[in-house]
Amino acid sequence: MGIRFILMVNKQGQTRLAQYYEYLTLEERRALEGEIVRKCLARNEQQCSFVEHRNYKIVYRRYASLFFLVGVDNEENELAILEFIHLLVETMDRHFGNVCELDIMFHLEKAHFMLEEMVMNGCIVETSKTNILAPIQLMDKAS
Amino acid sequence: MSGGSGGGGGGPSLMDSLFQRTLDDLIKGIRLHTPGAAQSSFISKSVDEIRREIKSTDLQTKSTALQKLTYLHSLHGFDMSWAAFHAVELTSSPSFAHKKTGYLAASLSFRPSTEVLLLLTNQLRKDLSSTNQHEVSLALECLSVICTADFARDLTPDIFTLLTSSKNFIRKKSIACLLMIFSQYPDAVRVCFKRLVENLESTDNAQTLAATVGVFCELASKEPRTYLPLAPEFYRILVDSRNNWVLIKVLKIFAKLAKLEPRLAKKVVEPICDHMKRSEAKSLVFECVRTIVSSFYEYEFAVKLAVSKIKEFLLDTDLNLKYLGLQGLLLVAPNHLWAVLENKEVVIKSLSDVDRNIRLEALRLVMSMVSDDNVIEICRVLIGYALKSDPEFCNEILRSMLSTCSRNVYEIINDFDWYVSLLGEMARIPHCQNGEEIEYQLIDIGMRVKDVRPELVRVARDLLIDPALLGNPFIHRILSAAAWVSGEYVWFSKNPFEIMEALLQPRANLLSPSIRALYIHSAFKVLSFCLHSFLLPHKPATSSSKLVDEPDFTYSESEEETDVDLATTSSSLSKKNAFTQESIVNMLILVLTSLSPLAGSHDVEIQERVRNVLGLAQLAQEEISCDLDNKEKIIDGVALKTSILIRLINDALSEDLGPVSLSAQERVPIPDGLLLEDNLGKLDTICADVELPISESFSLVKPVLTDVDSVSIRQNEESSETSAAESTSLLSEHRKRHGIFYLPSDNNQNASTSFPPANDPNERDNDVEDLVRLTEESLVLKRKSNLSRPRPVVVKLDEGDRLPITRAKTESNDDLISGAVRDVLLGNENSPPPAAPHSKVEKSEIGDSSRRKSKHRKEKKHQNVEESKQKSGGRHGRHKARQRADEGINVAVQIQKPVIPDFLL
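Sequence lines, in order, name chains A and B. If you read the first sequence in the numbering used here, its first letter stands for residue 1, the second for the next number, and so on. If you read the second sequence in the numbering used here, its first letter stands for residue 1, the second for the next number, and so on.
Accuracy of the hints is not assured; some may be wrong.
What the hints assert, rightly or not - Between beta-carbon pairs, the in silico distance windows are: (1) B:ASP240 <-> A:GLU27: 46 to 54 Å; (2) B:ASP150 <-> A:ALA31: 56 to 64 Å; (3) A:ALA42 <-> B:PRO790: 15 to 23 Å; (4) A:HIS53 <-> B:PRO430: 26 to 34 Å; (5) B:ALA37 <-> A:HIS53: 25 to 33 Å; (6) B:ALA37 <-> A:GLU27: 41 to 49 Å; (7) B:LEU337 <-> A:ARG30: 39 to 47 Å; (8) B:THR131 <-> A:SER128: 34 to 42 Å.
Stated by the list, open to error - Pairs of lysine-lysine residues, derived as DSS-like cross-links and limited to a Cα-Cα distance of at most 25 Å, are as follows: (9) B:LYS55 <-> B:LYS45; (10) A:LYS39 <-> B:LYS349; (11) A:LYS110 <-> B:LYS126; (12) B:LYS277 <-> B:LYS222; (13) B:LYS344 <-> B:LYS304; (14) B:LYS349 <-> A:LYS110; (15) A:LYS11 <-> A:LYS39; (16) B:LYS282 <-> B:LYS267; (17) B:LYS282 <-> B:LYS344; (18) B:LYS267 <-> B:LYS304; (19) A:LYS141 <-> B:LYS167; (20) B:LYS28 <-> A:LYS110; (21) B:LYS167 <-> B:LYS194; (22) B:LYS282 <-> A:LYS57; (23) A:LYS57 <-> B:LYS55; (24) A:LYS11 <-> B:LYS55; (25) B:LYS282 <-> A:LYS129.
If you are wondering where the hints come from, they were derived from the structure by calculation, not from laboratory data. Cβ atoms here follow ideal geometry from the backbone N, Cα and C, with glycine treated the same way.
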């Protein structure tokens, strides 16, 4: 399984979105998120975007006040994951227009929906922005 | 909005539905309250509301409540397992929005143990066969997260149908879902695998292909051999595809396959190099590099190209690329060390990078360069870095030095004297927290390498004698090893009295009881050694008599030489007249005064050790001091009670301790009538991962205990003078260490000089350039230094010395999957197609039959591969080969492994 989890965390370390592709209990999740956030948020711009943690590799990138953290297994290509994060942000940007933390907070379901289109079972299944957004736009039109 | 509270009671009311807080209201409310008590009380109030609202019969109200709950669960970690049933209920709603909310809640919160899980089966099946592709998609996505063995078994037929869906949107998702199905229910492979392979051949849709390759990449990472027959398909994708995501996955598959089949590697290496040269995408280039250096390292031209790319990465200003470049180098290092040497400057400089991750990679690289030629130089450089680094990285450096040097029973160490003093040096690094490992190695080396013992004792002495070290709890473990070494090998000591003083120094009360006990036991050994040397000087010490057995051991002579040096330089005691009656009496007094207070210690271990020592000391004191005038008598005093006792003790203590094999216990024959496997069998699993402790001390002779009261009386009489002597020696120690706080004194302090200066970090504060130069020398000059001394003998045991990491091979689902895949790939061309997968019974029959058939198919197939060699490549060749295989005559099995196709050749 390539991607094990995707987290979006703000500068204060509050989780804004969490999607796991393997089963962890609530306590395990909380502990894991805490450790990762502490590790990654302490790093600065002069440091690389890859952090090893337990048996995961964390690839992260900061956009404005929001950190996108993706936990992958050791086999995964780090640069490809960075590109994936960028694609995710671009997709959200296209949908929300200048996406910010609040957009994700208030539209958590949509954000999950986009992720579901892009990733299944930890594998990236869709990389076209138009395709990713098509079902959401259809839904918006319907409602 | 605050109408929610109007509902009261248990059930939801109209008011609840009308004035329900929306998700937005909830989020705004949370944001309004400051984090802490106010916020959590708001949240728990909201959860109470949700509990009421969610019972509503109005689906909209229920859906909103579930939405809010999902939000709280996902971001605030609230338990929502109690709402599982409501989520299931919502999935059956005719409204798509409600259905979506229900499925999202299910996929975020359900776990394998969720009770209502099975209630979802029917809804999933209904949605999977829906005509609305978005409903199908919802069900697939949910299934891919929460799939259990039951779901997988029941829904495999539905997924099977979807695999040929005309809508790419559905097809790619059902493919991605397969991975989960396979891992939960390996028998699904027999049903679906063929269709999965067909999707590999479809070139019409890039996303479907990406999903399929993704599945194969995951499957192949577990059991690559099974997927060798599909190499031609992967090869086609590698050459044709222009999708970087797909290419990266295919490269990962080939990295696994190429290791198994050299002919395949030969064929694939060219296209990979083409991608590496041509591609603009750094991710793809890096994947090519990684594939080449990890799986194609025999191809010189490819490796050269990869290394040139790595170099580009290393010199890039992008830190991410630099990090990956270092990682790439690490992969090259085992097979092509030249690549590391070429870039060593970057590597060494990275050791002081601001980014800890980059430093760590650089450290790993430096360690990969270590060999027996340069280990001394590299360790010197690293110690310098360790002193400059922050505590965390400092310990990382020490840890990797320790593990590298001790690898394979100290394989790379030729000069153990150097290594032992390095260990001593590590102990003095202020941040050192690797006490446990250093302790282990000091003792281990002592037991394994006889030749190093004199140096080991010297290092141990330097550590023991330094009162400042006792203040750092992290190195107490090292001190305990030093104490053990000093006691066990005390006959190498130049001045046993000094060691005795160090072992009994007052600051030793900072140690933990177990280590303190070890100190005291070492004091016992030292005391018995001194008494033995004093009372029975004519006889060769038991130690040297033992050493005479070893023909290549030369220390019995050299010892005397060093003693002479010692006598002139530092110590006032030379061995010949070291053990004067006076010195022995003083030592006895020291022992009695310092240990008597401990005789009533609360710690039984300490108490027992102390009583041992006191018993011996008292006995000796009685006989020696009462004959103070008659020295002759004592020297010949073979007949003394003490002498007899001492000889017995000393003989017992000088029994050489060697490393103990981990399986030593197993070799002990089981006595008759002992049923080992009866009840304690389960303990085996519990004890399996416990590292056997090294026997640190043991005594075979239990010394006679004498009356404690008499000790204390005598102690009171003599305490005044001993404490005076003791304090002078400590004072001089202290003065040496903290000289600046003392007034300059004229008289030279000659007591126990040879005191190594503490490490001064500033002295070692070389520039990076210096270090680079230093390593350059050490790395480039690959001189085979003619060792002045041959490498000393290192005792090794037959089996692994430290507990090998045993990983119980479990019959996992992975094996089942690959077994099934192998059957499908190799055999069932003619077996009935899984036409009726909707019936469970038939399905399992198919599985069985294909399993049965595959057995002899495998055999037949072998011969045909040879035939098909001549045939043109591509899939047609294979099909023909298979047909012929089926017609073919039975052939005996030649190889056990599954057949590897050579359609590529």
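Hints, verified against the model:
{"no.": "1", "hint": "B:ASP240 <-> A:GLU27: 46 to 54 Å", "in the structure": "holds (48 Å)"}
{"no.": "2", "hint": "B:ASP150 <-> A:ALA31: 56 to 64 Å", "in the structure": "violated (30 Å)"}
{"no.": "3", "hint": "A:ALA42 <-> B:PRO790: 15 to 23 Å", "in the structure": "violated (51 Å)"}
{"no.": "4", "hint": "A:HIS53 <-> B:PRO430: 26 to 34 Å", "in the structure": "holds (28 Å)"}
{"no.": "5", "hint": "B:ALA37 <-> A:HIS53: 25 to 33 Å", "in the structure": "holds (31 Å)"}
{"no.": "6", "hint": "B:ALA37 <-> A:GLU27: 41 to 49 Å", "in the structure": "violated (22 Å)"}
{"no.": "7", "hint": "B:LEU337 <-> A:ARG30: 39 to 47 Å", "in the structure": "holds (45 Å)"}
{"no.": "8", "hint": "B:THR131 <-> A:SER128: 34 to 42 Å", "in the structure": "violated (24 Å)"}
{"no.": "9", "hint": "B:LYS55 <-> B:LYS45", "in the structure": "holds (16 Å)"}
{"no.": "10", "hint": "A:LYS39 <-> B:LYS349", "in the structure": "holds (24 Å)"}
{"no.": "11", "hint": "A:LYS110 <-> B:LYS126", "in the structure": "holds (24 Å)"}
{"no.": "12", "hint": "B:LYS277 <-> B:LYS222", "in the structure": "violated (30 Å)"}
{"no.": "13", "hint": "B:LYS344 <-> B:LYS304", "in the structure": "holds (16 Å)"}
{"no.": "14", "hint": "B:LYS349 <-> A:LYS110", "in the structure": "violated (46 Å)"}
{"no.": "15", "hint": "A:LYS11 <-> A:LYS39", "in the structure": "holds (13 Å)"}
{"no.": "16", "hint": "B:LYS282 <-> B:LYS267", "in the structure": "holds (24 Å)"}
{"no.": "17", "hint": "B:LYS282 <-> B:LYS344", "in the structure": "holds (23 Å)"}
{"no.": "18", "hint": "B:LYS267 <-> B:LYS304", "in the structure": "holds (18 Å)"}
{"no.": "19", "hint": "A:LYS141 <-> B:LYS167", "in the structure": "holds (22 Å)"}
{"no.": "20", "hint": "B:LYS28 <-> A:LYS110", "in the structure": "holds (18 Å)"}
{"no.": "21", "hint": "B:LYS167 <-> B:LYS194", "in the structure": "holds (19 Å)"}
{"no.": "22", "hint": "B:LYS282 <-> A:LYS57", "in the structure": "holds (19 Å)"}
{"no.": "23", "hint": "A:LYS57 <-> B:LYS55", "in the structure": "violated (42 Å)"}
{"no.": "24", "hint": "A:LYS11 <-> B:LYS55", "in the structure": "violated (37 Å)"}
{"no.": "25", "hint": "B:LYS282 <-> A:LYS129", "in the structure": "holds (21 Å)"}
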